[in-house]
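Chemist: Residues per chain, in single letters:
Number of protein chains: 4
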Amino acid sequence: MTEKIKEGDDVLFFLDNRRSYLIRVERDKIIHTHKGFIKINDVIGKEFGVHIKSSMGVDFVALKPSIKDYIFKVSRKTQIIYPKDIALIILFGNIKPGSLIVEAGTGAGALTIALANYVKPSGRVYSYEIRSEFLEIARKNLERAEVLEYVELKNKDITQGIDEENVDVIVLDMATPWLVVPHAYKALKGSGSFISFSPTIDQVVKTVEELKTEGFVNIEAIECLIRRMHVEKGKTRPETLMTGHTGYMVFARKSLKT
Amino acid sequence: MTEKIKEGDDVLFFLDNRRSYLIRVERDKIIHTHKGFIKINDVIGKEFGVHIKSSMGVDFVALKPSIKDYIFKVSRKTQIIYPKDIALIILFGNIKPGSLIVEAGTGAGALTIALANYVKPSGRVYSYEIRSEFLEIARKNLERAEVLEYVELKNKDITQGIDEENVDVIVLDMATPWLVVPHAYKALKGSGSFISFSPTIDQVVKTVEELKTEGFVNIEAIECLIRRMHVEKGKTRPETLMTGHTGYMVFARKSLKT
Amino acid sequence: MTEKIKEGDDVLFFLDNRRSYLIRVERDKIIHTHKGFIKINDVIGKEFGVHIKSSMGVDFVALKPSIKDYIFKVSRKTQIIYPKDIALIILFGNIKPGSLIVEAGTGAGALTIALANYVKPSGRVYSYEIRSEFLEIARKNLERAEVLEYVELKNKDITQGIDEENVDVIVLDMATPWLVVPHAYKALKGSGSFISFSPTIDQVVKTVEELKTEGFVNIEAIECLIRRMHVEKGKTRPETLMTGHTGYMVFARKSLKT
Amino acid sequence: MTEKIKEGDDVLFFLDNRRSYLIRVERDKIIHTHKGFIKINDVIGKEFGVHIKSSMGVDFVALKPSIKDYIFKVSRKTQIIYPKDIALIILFGNIKPGSLIVEAGTGAGALTIALANYVKPSGRVYSYEIRSEFLEIARKNLERAEVLEYVELKNKDITQGIDEENVDVIVLDMATPWLVVPHAYKALKGSGSFISFSPTIDQVVKTVEELKTEGFVNIEAIECLIRRMHVEKGKTRPETLMTGHTGYMVFARKSLKT
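Protein chains in written order, with my numbering: chain A, 36 to 293; chain B, 36 to 293; chain C, 36 to 293; chain D, 36 to 293.
To be clear, the hints were calculated from the coordinates, so they are not data collected in a lab. On a predicted model such as this, the values are computed, not experimentally measured, just so you know. Heads up, the beta-carbon is just placed ideally off N, CA and C, and yes, glycines get one too. Be a bit skeptical, because a hint or two may be false.
Claimed, not checked - Reference listing, derived: stretches of chain C covered by chain D, where coverage requires no fewer than 3 residues with Cβ under 8 Å from a Cβ of chain D:
| hint | region |
| --- | --- |
| 1 | 76-85 |
| 2 | 95-107 |
| 3 | 126-133 |
| 4 | 146-153 |
| 5 | 226-239 |
| 6 | 251-264 |
Claimed, not checked - Simulated pairs of lysine to aspartate or glutamate, EDC-like, Cα-Cα distance not exceeding 20 Å:
| hint | chain 1 | residue 1 | chain 2 | residue 2 |
| --- | --- | --- | --- | --- |
| 7 | D | Lys-64 | D | Asp-45 |
| 8 | D | Lys-270 | B | Glu-61 |
| 9 | C | Lys-268 | D | Glu-245 |
| 10 | D | Lys-39 | D | Asp-63 |
| 11 | B | Lys-74 | B | Glu-61 |
| 12 | D | Lys-81 | D | Asp-45 |
| 13 | C | Lys-41 | C | Asp-63 |
| 14 | B | Lys-221 | A | Glu-200 |
| 15 | D | Lys-131 | D | Glu-181 |
| 16 | A | Lys-74 | A | Asp-44 |
| 17 | D | Lys-268 | B | Glu-244 |
| 18 | A | Lys-175 | A | Asp-45 |
| 19 | B | Lys-292 | A | Glu-42 |
| 20 | D | Lys-131 | C | Asp-94 |
| 21 | B | Lys-41 | B | Glu-61 |
| 22 | B | Lys-221 | B | Glu-245 |
| 23 | D | Lys-268 | C | Glu-255 |
| 24 | D | Lys-131 | C | Glu-178 |
| 25 | B | Lys-39 | A | Glu-200 |
| 26 | A | Lys-189 | A | Glu-168 |
| 27 | C | Lys-268 | D | Glu-244 |
| 28 | D | Lys-292 | C | Asp-94 |
| 29 | A | Lys-270 | B | Glu-255 |
| 30 | A | Lys-131 | B | Glu-178 |
| 31 | B | Lys-268 | D | Asp-237 |
| 32 | B | Lys-103 | B | Glu-178 |
| 33 | B | Lys-131 | A | Asp-44 |
| 34 | D | Lys-270 | C | Glu-245 |
| 35 | D | Lys-175 | D | Asp-45 |
| 36 | B | Lys-268 | C | Glu-267 |
| 37 | A | Lys-70 | A | Glu-42 |
| 38 | B | Lys-224 | B | Glu-200 |
| 39 | A | Lys-224 | B | Glu-38 |
| 40 | B | Lys-247 | A | Glu-274 |
Take the sequences, apply the hints, and build the full model.
Modeler: Next comes the structure, spelled out in structure tokens:
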């Protein structure tokens, strides 16, 4: 059965690969873009994927937002972590439906949205953040992405300890992940996954040294580079501009102390 | 509650980042490694993450296998697609709990295992494969990874057509993805995701040209490079050897014909 | 003996890694920058490397321009080829003092400056360009970089043939290098080097296929990626922005027909 | 005039891009390869680039060795520095005919061969090495590459000081480049180039911090990645294996103290 666009839905008005607008559908709403305005009423009742013309006659497509669209929307404001890195965190961190996850810091919730999407319906994300103003932003973003029910937001300093036990995965996107390693060891199940994301090499070195000391195994530090291709018959080539670095990811698994 | 290793479980006997053994637990089983043998009875009833010595006194850790461990185990035999690429396919392809997915070709099931893990419990993967001998291998691998119930294996040529309708995502890892584009367009929901993975540039060009013709939007062709770091205080550096190329990924979304 | 700055010299007024000004020294000249103006008289008679303050009190260093500075100065206007690629062309192409080189097209002379610098004093560069307006720009740039005497600029279409014989190296930076391959074969010494630089994959494929047909050996197609590091104690990391692609280089050597 | 192969010449017997043999031509010499033997007499008097069959009927091409061939030949034994990095050191370091260069350590002379080739005929390389056994190897390699006359080999510890003055360029490929920075500052001309090559990030950080302290400007730390392409009509793709890291290069220029 095809899915019709209705009030309360989010729609991504797609112009091209660089420009799109994530909009909540409300009757009589008008969207202003630099390519003219769009009347929301024109898409209500239509199927997702429908083309629509702006007042300037420019073509938009009304797409159903993906997880990545929500991540980008949230990231644009705080720019902490990228979809490419989140993708690796999910799979390499063994995050899956039913997982019990501790995350810090929440930030605007970009990573939290992805984690929540992949642990549902039976899993749960406990997300620590010391800056209370961010928790409010994150709550709104999680609500919009329809995953708030799978998340518990905690206004706490994770370097002081972790409340949860028998956790499957711990994911850190914060300035001093090495301070959390002993708490993470305690909170994790045997064989559970530790993941940290850090922009600088020094953070990676400190975290890995601490993981070795605590008895983690299978410690791996990687970074991920995405190369975009310009594809056009007879003119195909990698794109000129490239993101050279976002951050390193450290993965490890808890082994039991002997 | 901690998880004890019991008969019928899979255990990953981890030696180091390059060497580990994925083993089904059976009473009285003996595992032979080039570092001596391991008696399975020694880990039964222990918690995952426990250390165990081989007959040569070498230390192994009995980890609970992750999705990535299953993918690697399966990939080792056919070497089609890598965890890094699967990770991006999952997130960038908007694959999530509940998704209805069509995949081709099944191969040994490496990608299928990951897809099934992320659509469960309510989603489903329809996986097409023309080579029946591969379907048998895939069935065993899916069973072992405990996701067979979310998959329907089909001994059919997907270039001849797709049986399913209103599909959320179509994922192709096969030699001629461009031949499937018109069928994919028909089978997908409006706004649904098309993904193909191909080693050569020519495959990418043909597929992208066909996607443009059929009315897909948000077409992106990327490749993913992973760089591993050797992390050691005072000696940190990227690793010398690197996988230079596995394949390109093409992502697109269906827009409705006007 | 230290080198003093004198009239007629070029000076690179260096502000930071992104901003510098290549200036011909003339008495009483004033340089206007967005960081205030600089009086040239202040550096005349001083040693290269001297610090000088602009009218706004901003610190500049009066460096002696390097080959790379001249290349960048020239490239800024036409953006054809990058120093990183030129560096590989020089060494991998076996260009050295005394080499006899044929080049096309000249463009603004960025690559020609480098080639001339490395063949001097006894070598020579024959540089073909069909667009006469570019030859005038190139002549000025070569004169300024003090290498014009090692270059012969030719207003000719190299796809129609090469006048020179027993050439050591042929370097092509033009849209259709494959059309020059048969002429290059004829003009080169046995064992001589063929090099082409092309942005697109299709150009590379056509050129390599033609090289195979003509009897070239040791054919290699590569691209070069430069990663810049932000180096600061405790904050070291690769830079965020990166040039993702400039072009591919094809190298080959002439074997004799049997 | 074509160049004939004669006794005393070096010839590179080229089999394919991975296998070739650098041989000194002597009458009646026989070369044993895993593809059969080659009689040197068969190429004497022939032009470089000639094809020759081994005793097993396998085709070899008798190429004139390039600078890169000599570097590879030398590097194979000690594996210190790669042609790609040497290429950037030459151009980005502003090394050119006539330059006065100080280098350390000599090692087997791979980098020294390249430096000498590019400063000749009027320039000179002073090369420091504390391990006298390496100096003997380097001397032989430089002699073979016909550049010994442009090099002065010095059995000295460069961390104790540099004898030369008004040097154009200092190039360091050694474990502790930061210890040489103050000596390098003293030995260099104003505006002269400092270059160091180091495998680890810690070496880079220490060297850059020292360069900042000493008053160097235009400090840049980069690394160079080469990607090889498999080029074949309809099957073109980047090669699977890639060298992920050799080392970082640091470039800087001396500014005068104020």
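Chemist: Given the hint that Lys-131 (chain D) pairs with Asp-94 (chain C), test it: the Cα-Cα distance must not exceed 20 Å.
Modeler: Judged against 20 Å, a Cα distance of about 29 Å means the pair is violated.
Chemist: Please work out if Lys-247 (chain B) and Glu-274 (chain A) have their alpha carbons no farther apart than 20 Å.
Modeler: holds (19 Å)
Chemist: Is the Cα-Cα distance between Lys-175 (chain D) and Asp-45 (chain D) 20 Å or less?
Modeler: holds (14 Å)
Chemist: Does the alpha-carbon distance linking Lys-74 (chain A) and Asp-44 (chain A) stay inside the 20 Å limit?
Modeler: holds (15 Å)
Chemist: Is the Cα-Cα distance between Lys-268 (chain B) and Glu-267 (chain C) 20 Å or less?
Modeler: With Cα atoms ~16 Å apart, Lys-268 (chain B) and Glu-267 (chain C) stay inside 20 Å; holds.
Chemist: For the pair supplied as a hint, Lys-221 (chain B) and Glu-200 (chain A), is the alpha-carbon distance within the 20 Å limit?
Modeler: violated (48 Å)
Chemist: Verify this for me: three or more residues of the region 251-264 of chain C with a beta carbon less than 8 Å from a beta carbon of chain D.
Modeler: This one holds; 13 residues, not fewer than the three required, reach chain D with a Cβ under 8 Å.
Chemist: CA of Lys-39 (chain D) to CA of Asp-63 (chain D), is that 20 Å or under?
Modeler: Distance ~17 Å between Lys-39 (chain D) and Asp-63 (chain D) Cα, so the pair holds.
Chemist: When you check the alpha-carbon spacing of Lys-131 (chain D) and Glu-181 (chain D), does it fall within 20 Å?
Modeler: Within the cut-off at roughly 18 Å; holds.
Chemist: For Lys-268 (chain B) and Asp-237 (chain D), compute the direct alpha-carbon distance and say whether it is at most 20 Å.
Modeler: holds (8 Å)
Chemist: Is the straight-line distance between the alpha-carbon of Lys-64 (chain D) and that of Asp-45 (chain D) 20 Å or less?
Modeler: holds (13 Å)
Chemist: Verify the proposed pairing of Lys-292 (chain B) with Glu-42 (chain A), using a straight-line Cα cut of 20 Å.
Modeler: Since the Cα atoms of Lys-292 (chain B) and Glu-42 (chain A) sit roughly 23 Å apart, the hinted pair is violated (cutoff 20 Å).
Hint check: violations occur at hints 8, 14, 19, 20, 37; the rest are consistent with the structure.
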